[in-house]
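Asker: Based on the provided sequences and hints, a complete structural model is requested.
So the sequence shown is residues 1 to 320, counted in the numbering used here.
None of these hints come from the bench; they were simulated from the model. Glycine residues also receive a C-beta, built at the ideal position from the N, C-alpha and C atoms. All clues given are correct.
Ranges between beta-carbon positions, derived for each pair: (1) 290 to 131: 42 to 48 angstroms; (2) 316 to 292: 34 to 40 angstroms; (3) 316 to 110: 34 to 40 angstroms.
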Amino acid sequence: MAHDTGFVFNLFLKRKLHFFYENPVFNKITKVQFQALPSTKTIGLNSNFCIVTDIPDYLETKIDKNLKSWKTRTIRQYKGFICNFRGYENAKDYVKDNFSKKAMRSMVAKKRQLETRHAISYVFYFGEINRTQYEFLFDRFFTLMKKRFDVKKVYNRYLLEWKKYYDIVYPMILNKEASLFVIYNGKEPIAMALDFYMEDVCFGYIQIFNPEYGKYPMGDVAMFKRLEWLMERDIWIFDFLMGETYYKRKWSNMKYFYEHQIFYRSGSLSALIKLFFMVGKLKFKQFLRDKGILGKMFSMDRFLYKKMSKKLIHYDWKNP
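Answerer: Encoded structure:
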């Protein structure tokens, strides 16, 4: 699946802790530790080099004390964005503190227009959902992603792997490890979000909207409803995950950084050579990101769009 090899994605998608680390993982913002998780598979005994990617720096990790023959090197990478709700009584207080009065009035007015002109309802599927409804929603989710793909002409890493998400998310919803949030117009989904949970953290993974409702701030409406719902359940962190967008900057009140940790065996010449080249590669890529060259001036998503569009012709996500 997309992202499933990174540290944080292993945590909430696979519910596993990379084997280089010990339980528990600790949330430094809220002082809450995550439940103990089983380890991922170990690497081969002859391995002398390994890189663990995508470790949010607000999570405190402990390296396994038995790995005495290994050394580590930490390299800072891209930014992440968070809504930290601690200190706020409700979502309105959070919005009031982080948005201008003009922006708030505009958001409320357009939300009211949406609800007045359409038969709008908001539903969270968390802890229970029947299989028929689940299949219907996953199909609509794919349809909305494909529609956005065709309109924006930007690569979407989830479309060709949607069956894999379909297979894992249903039991996770029942176990309250994931949720589907849906904005309905009548019986038709017009906005959807797939989120995952670890203790008091919600990881905002995918959200999508019907472009036909583009005159309404669907992203803002969906975000506000999710904040309300999360705070009522004592979930105090909403993590937008990797990537920087205007939407994430607008809603977040904290920034953090992802780190990659490189593990290498002390005394191994080949491991030191690999370390030298990997550190140089990661620092150069981050330099390009910081200068706005990688991800802004040049985006792989647009480059990969044409290749993916051919694969999606007559593609059946249920039978890939």
